[in-house]
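Peer 1: Now for the letters of each chain:
Number of protein chains: 2
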Amino acid sequence: MKKNYTVDCPIRKTLEILGGKWKLLIIFQFRADQPVRYGELKKKIPDISEKMLIQELKVLVENGLLLKHSYPEIPPRVEYTITKRGKEVLPIIDTLAEFGMQYVKTV
Amino acid sequence: MKKNYTVDCPIRKTLEILGGKWKLLIIFQFRADQPVRYGELKKKIPDISEKMLIQELKVLVENGLLLKHSYPEIPPRVEYTITKRGKEVLPIIDTLAEFGMQYVKTV
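Taken in order, these protein sequences are the chains called C and P.
Just so you know, we're using our numbering here: the first sequence kicks off at 1 and counts up by one.
Just so you know, we're using our numbering here: the second sequence kicks off at 1 and counts up by one.
Chain C on its own, in the form it takes in the complex:
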């Protein structure tokens, strides 16, 4: 009997796609529109667990926000790039960061 409220509500849908502690922080690393290696992401977000980073990247790829590129080199190279849809998230992040600034300043 649980109704799926997300189907019709764009806010819920967005929270589903971008929600959680990490997705926006990951997308933010692609603001320069350059490929980012998996190892760089780990370095840029040092407090995310490897398991969580892998899982969040998978969801971001599934939702069409990032693309994964695996190069069969030795050692293997894995890079991610941001998609057109992913880039639409960047202004959202700016808005959120702007809102957070007042708290960072006053806290």
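Some hints could be false.
Unchecked claim - The calculated lysine to aspartate or glutamate pairs, modelled on EDC-like cross-linking and capped at a C-alpha distance of 20 Å, are:
id : chain 1 : residue 1 : chain 2 : residue 2
1  : P       : LYS84     : C       : GLU98
2  : P       : LYS23     : P       : GLU79
3  : C       : LYS21     : P       : ASP8
4  : C       : LYS23     : P       : GLU79
5  : C       : LYS43     : P       : ASP8
6  : C       : LYS42     : P       : ASP8
7  : C       : LYS51     : C       : GLU40
8  : P       : LYS58     : P       : GLU16
9  : P       : LYS87     : C       : ASP94
10 : C       : LYS23     : C       : ASP33
11 : C       : LYS44     : P       : GLU79
I should point out that these hints are in silico values taken from the structure, not numbers from a laboratory.
Use these hints to put chain P onto chain C, whose structure you have.
Peer 2: Frame of chain C; chain P shown alone:
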């Protein structure tokens, strides 16, 4: 040794204040800038548990986004209003909703 990354990062700070599944949906109910009774919130967001709604409202009041007003009537009346700071969240919600629209349409 766990570094508190939120202190300096406005994105993390915002996610801390607005993160989770419900806070934005709650704030959205105040878009008309009118007081909203506790019971109305429950009706507007039917899939939130009572415990979670109370907890999220408490955090929103603590962070200065909502104000709580208790009227000693019988039965007791509890209303919430949105603050100036809370109103700053409304454009963020609009941006998020706009982003979600394309997913709602195509899914």
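Peer 1: Does each hint hold? Answer for all of them.
Peer 2: Evaluation of the provided hints:
no., hint, result
1, LYS84/P with GLU98/C, "holds, 15 Å"
2, LYS23/P with GLU79/P, "holds, 17 Å"
3, LYS21/C with ASP8/P, "holds, 16 Å"
4, LYS23/C with GLU79/P, "violated, 34 Å"
5, LYS43/C with ASP8/P, "holds, 17 Å"
6, LYS42/C with ASP8/P, "holds, 19 Å"
7, LYS51/C with GLU40/C, "holds, 15 Å"
8, LYS58/P with GLU16/P, "holds, 14 Å"
9, LYS87/P with ASP94/C, "holds, 17 Å"
10, LYS23/C with ASP33/C, "holds, 16 Å"
11, LYS44/C with GLU79/P, "violated, 43 Å"
Violation of the numbered hints given earlier is confined to hints 4 and 11; the remaining hints are satisfied by the structure.
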